[in-house]
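Colleague: Now for the letters of each chain:
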Amino acid sequence: MQDLIWLLPTYPLLGFLSLVLTSGNLPKKVVGAIGAGSIGLSFLTAAVIAYQFLGSGETHLVVEMWTWMAVGNFTPGFSFYLDGLAVVMMLIITGVGFLIHLYSAGFMLDDPSYSRFFAYMNLFVASMLVLVLADNLLLLYLGWEGVGLCSYLLIGFWYEKPENGYAARKAFITTRVGDTSMAIGLFLLFAELGTLNIQEMLHAAETQWAVGSGLAVAASLLLLGGAVGKSAQLPLQTWLPDAMAGPTPISALIHAATMVTAGVYLVARTHVLFELAPNVQLLLAWIGLITLLMAGFTAMTQHDIKRILAYSTISQIGYMFLGLGVGAWSASVFHLMTHAFFKALLFLAAGTVIHSLHHEHSIFKMGGKRKQLPIAFASFMIGSLALAAFPFTSGYFSKDEILIAALEMEGPGMILWLGGVLGAFLTGIYSFRLVFVVFFGESKGHHEEKEVAGLSMATPLIILMVFALFGGWIQIPVDAVFSHGEVHEEHHISNLMHAIMIVVPLLGIGVSYLFFMSKTFSVEKLMANPLATRLHGFWFSGWGMDALYSFLFVRPFVFLAQVNKNDLIDAVYALLVEITRVAHVMIARTQTGQLRWYALSIGGGVVLLITLGVVL
Amino acid sequence: MITSFNDLLPLMPLLIVTATSVIAMLMIGIRRSYITTGSITITGLLAATLVAVSMMDWTNQQVTPLLIIDQYSLLFTVVVCASAMVLAVLSFPYFFELDDQREEYFLLLTVATIGAIVMVSSNHFVSTVLGLETLSMSLYGMIAYPLHSAKSAKFPLEAAVKYLVLSAAASGFILFGMALIYAQTGTLSFASVTELPAAGLGDSYTIIALLMVVSGMAFKLSLAPFHMWTPDVYEGAPLPATAYLATIGKAAMFVVLLRFVQISEALSFDSMVTVLTLIAAASMLAGNLLALLQDNLKRILAYSSIAHMGYLLLALVAGHHVTGTIAVEAITFYLIAYVIMSLGAFGVASVISSSEKEFDSIKEYRGLFWRNPLLATTFIAMLLSLAGIPLTIGFIGKFYIFLSGIEAGLWVLLGVLVLGSGIGLYYYLRIIYRMFMPEKHSQPYRVGGVESVSSYGVLAILLFLLLLFGVYPAPIMSIVATASAYI
Amino acid sequence: MILVVLISILFLGGVLAWLSEGLDSKFPRVVALAAVVIDLLVMMVLVGADAEGSGWIVQLNAQWIPRFGISFHLAADGLSVLMMLLTAFLGIIAVGSAWDEITERTGFFYFNLLWTLAGVIGVFTALDLFLFFFFWEVMLIPMYFIIAIWGHENKNYAAMKFFIFTQVTGMLMLISILALAYFHYIQFGWFSFDYFDLLKVSTSSAIEMWIMLGFFIAFSTKLPSFPFHSWLPDAHSQAPTAGSVLLAGVLLKTGAYGLIRFAVPLFPEASMQFAPFAMTLAVISILYCAKVAFAQTDIKRLIAYTSVSHMGFVMLGIYAWNEQALQGAVMTMLAHGLSAAALFMLAGGLQHRIHTRDMDHMGGFWPKVPRLSFVALFFSIAALGMPGLGNFVGEFLALLGAFQASIGLTVAAAFGLIFASVYSLWVIQKVFHGVYRNSDFDDTHLHDLTRREMFYFGAMMIGLIWMGMYPQSFLDMSSTTLTNLLNETGQLLFAQGSEL
Amino acid sequence: MESIPIEHGLILAGILFALGLVGVLTRRNIVFVLMSLEIMINASGLAFIVAASRWEHADGQIMFLMILTLAAAEVAVGLGLIIQMYRRYHTVDINVLSQMKG
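Chains as they are written, first to last, in our numbering: chain H, 1 to 616; chain C, 1 to 487; chain L, 1 to 500; chain D, 1 to 102.
None of these hints come from the bench; they were simulated from the model.
Everything numeric in this text was worked out from a predicted model, so none of it was measured.
Treat the hints with caution; some may be incorrect.
Claimed, not checked - Think about it this way: if two alpha-carbon atoms lie no more than 20 Å apart in a straight line, the pair counts; the simulated EDC-like pairs of lysine to aspartate or glutamate are:
#1 L:K368 / H:D111
#2 C:K363 / C:D270
#3 H:K161 / L:D360
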């Protein structure tokens, strides 16, 4: 059964193929069945495989399909590699993926391009599974690019609007920058270590490279480039908020639960390299910290419900990076999983809200919806609690582990921890700001709006609620993967610290309550302060990164392209042609038709030649 | 000294052509008949060609001090006679409707051929001058031939006067230069100017003398800067006469120049090499540039002939640097190629033209390919050959020129050659493109009657040769190689 | 002998197609299709054939012009066969794309088409440099006619430019060939144009460099590479679809083939010295032309510039001269042959339907022509180097190999991957996404892909997926050739990490 | 008898030749042009005779005779053309013969 691991990506791929080849001619029910069913099959298979694998006690399993290409000593294969990490990932992808597909079957029912939607979704899941199951970096790269492509296609799913297309291209191209860095990393790894097979490569790196050696630093930095692109971390985070242009299930699946955490997976998968380059690992932590804070501040200022969630995603992935940076590999993966639960929940709930309110996105045009949208309300409450790390929700356990690991780290550990705690405070504010504004207070808009949530939409929400609440008790089987890197010791953290970590998010929620619920403090008054206004504007724009990149890269490129539209090189040849033409006109003038001029040319020519002949 | 009949044998081609002219003249005297005169001329020239071919294997002797009959001169005798025959065939329909006496044209043509045969066999100043003037004198007549015709659209008179005056001046230069050389060498035969029988008059003197001769010949070959007459004369002359001037006139003259330069060792003076290099470069550039935007087909061919003579001169210069006969072979092969492709190009124009209406504007060739694909294909092949594109003899010719240039290491000239050829492509393609444009039905091409049948046949043969020698040049290469050994 | 048959079928087929027009103007296309299909079938004999140790599957050597040691020497090894297969395959596609588009003077059109193909096959098999040059030119003239007669509004200019560029640089190559033969003459006392003889010629390094440059300029013009690329956008935008297909799919590859087969092996040392420069040119091609492509509004011009950009990877791979890089170059040639041909067919199909190539007039085509749009998406994605499709394999291997030769240049070239996504997605956005409006063109003929068109595109898609998922079938064919070349010339790797 | 140095004779011929050439270049009347051509050609003839005297050959003198006939023939054709020209244009100014150019 475990050898049938190739079935995992195959089901969704078949789904994709059958949907594409029928090109929208199937009835919607069948489409939905194929779309969600293929993922369901994958999930079942994954579950069985996971059960057997974990039961077998093996640390890993390799299933070789065929040699992809063999050129000299470069022989990457189509081979899958299963270990604890992969098990976790595949279960998240197929599990959460299935729920989201199920939800989409209801959510997208009115869309004319229903079939296209599921085709892309299936292709995405297939690529994502290849990504996490790949046993070599090239195959991983295939999945990596595949998910990027699907992300592009799905962000731009409603292609009539040019801004959706823009967002899609922005997402693809920005991540491509990271991908290119990763590709160069692959070249470097192969050139130096002679293989792209992940395990062999890691082993070779360990034996050949000293800790802190230049090559290790370069290789890990290049891979990090790929990771920050995909996971929307500084400095390539700008695409994710715009990516919300896609249908909401996409945001849940791709831009919250799975694809954006691929960077975390990549780093975790190649953690040996990062351990060989401690400086890069530290950089990882700092990137995570700065990103989580920046995104946290920005999330507080947004009023598009999906953008708030998007920034919160960036922020939460920042936590994962922070965790990776301080060496808490399994904690990061753990947070990845819990985040997948509660963020998918939040997005799907947001989808229900938006769907029910006729595509209203601004939270300030909502309000008091808890009666009208009970399921969404429940989902949001649970999801936000988990997000804000309310004690004993899933988010609490995972975030806690990361922060403890940061605290235990020597050197800058304390600063990282403080930053993380500050982030948790911000999380509390922005997550409950959303809840309070949307679901409490006076009701705005039309009252007759009913919650649109059929069985297929409600079921996933309920299941995810359960996991968001209790997911923290799941034990992830990754110890074997990170065994040699992680030192398991008893946490000797003082109770004070524990208390702080519990209280701070609550404080955040409290602040939020004072501002948005009880209106004890007024946002308007705060905004009266010009400094606050400016700061708000700055945060709102995502710290001005978009404008900066536009100024640094986009506009110069477009300018250069436009200036040289007609290809300067062509002008050079045109000049040659012009010279020839002028020469022709000049010399043609000598053909006057006058006999005496001709005679003169002969006489003069002879004199000239004789002069030349004698002088030379 | 000619002492027996056997001594006359090597002169058979010359004698046959001479006899042809005499018979033709007599026939005209007896009864004017265009067809008869034409047939006699064509037959005579054909006979001379065949005889010359049959003689090639065994004839190699000096006949009187004036003429050398060796394989090389016989090869060109064949070329000259065959070309003359082709031109006679092409002339026949062209002058068919001329409202004047038509028969004497063939007379001029044969006499000119006599001159050309003398030239290619000449290694003596006297025979050179004799041949050259016979040729030129007849050409004046041929150029001015449709003079009386009321309907003649072109300017044969202007062309003839220009050619006469300028050509006579050039002859003057040649003669004067010969006299100076004679003063130096003491013999009227071609002889080395470096090994003198008595104390010379100095190198500068020799160079002046050589340059005067070379300049005069350069005029006849329309090399820059003596090229200006070419387009006007080409344009004004009736097409067959133009073709004669362009092919036989040039080829015969080049053979003389080749023999003269080789025997006199003119290129042992560095300044001579420099001057010839300059002439070659100037010709290649000027010819191609002048033709660039020209709309008159005859003028284009005139300008392109300037460039082609420049290519040939490159090989001539190379001949000084290389051991072996590769440069001579290059010249020989290229001359033959040039004659074939020029005959073809002029021939196509000639076939659709008549003495009353010449199609010499490239605009008038619009859509020819769709109306008369075979004729257009022939024309295209000729033009591509002139441009030096493979599958045609022109490419093999270029190949030779390149090879000799490379052996001699004439990199600058080769560069100019590439540049010139590049420019050349443009105007050849302009013509070709015109032929592919959608046709306009307003163009009244001459519909070939019975009198044109042989012209088409001749064109077909030329096309065949063009492609045969282009694809399988080995046989003609070996002939050329053997003949070239005699220079 | 089989090689002669391959070439003759096409030559004769061309003549036959021309003649058959007299019977019915629809015959030539049938004749042409039959000729190419037969050719492809005959080629299959070579695919399975065992190569001798030297890698040559079949050879034919006959005297041609003994005066200069020129022989009619044809031979095929794995690389040649691979290229011939591409040629025949795209030949069928080209005939297919002309099927309905060319309605006038069909006979002469298919004559030219087949003769171009014959010339190309000759180029891929000739082992006598004179013969090679011969075929090199033979493929140009019919292509000139195709552009000049059946082209679009500015065809005269485009055809002329194409011809003069390739001819003038061809003459430089001819000079180089002759110089090489002459040095053989000096060294061994007899003329030879045979590839194997000329491999033995050794000259001083300065001369070798000059002669090499003659070859390089000719090949890099055909490839084309910066700064000799400027003929390509014009030729492509003006050529009829079949012409573009052949140009992009096959003719460009002759340049790359020439570099692999002749330019580098004949002059290993000069090439090694020149490699950094060539690789720099390649990188400039990749980046510069990607940038220029982005600015185009004429969809065919845009694709043409992307072709230049992609062929930059080929040149990069060739001059990196190690196994991965070379295989990458070959794979890129194959994959780009398909993807560029398909993109040109799409552009041509659009032009045929709406009579404009200006992307400013297009937009929102997806709902109108979903199949066409999906196909366009597929090939754009292929062009931007999506793993799983052929282009990725080629470009990745080329870069992987190049990285071992020069890190700096490879990193720069890798930016081409980003640029590729910029322009590819831009096309999708401009043409297929957005809101549909037909104010700028007449959309009465804007219909989706026909069954026949789907067949051709489907074949090309399968080809690309095959190349992407199991490139081994192709890599195996060319590997003997390439390893032999590598062994003969010595690994020209310049030191790891060395910069210019 | 003291012989005249060959240089003198050649220089004389050269001067004559140059005179003829200048005549060709400057005269507009075509009759004068023809006459100037005669002078050029005859100057060459003189040069041949001078050269022949250096080598005490008859060859040069024979050449001179040939040149004379040549010149005569040249003039004959030339005059014929001039008559035609006069008939057509009623002038002997060579500048009228400039209809073809470019």
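Colleague: State for each hint whether it applies.
Modeller: Status of each hint after checking the structure:
1. L:K368 / H:D111: Given pair K368 (chain L), D111 (chain H) holds - Cα atoms ~17 Å apart, limit 20 Å.
2. C:K363 / C:D270: violated, 46 Å
3. H:K161 / L:D360: Measuring from Cα to Cα gives roughly 16 Å; hence the hint holds.
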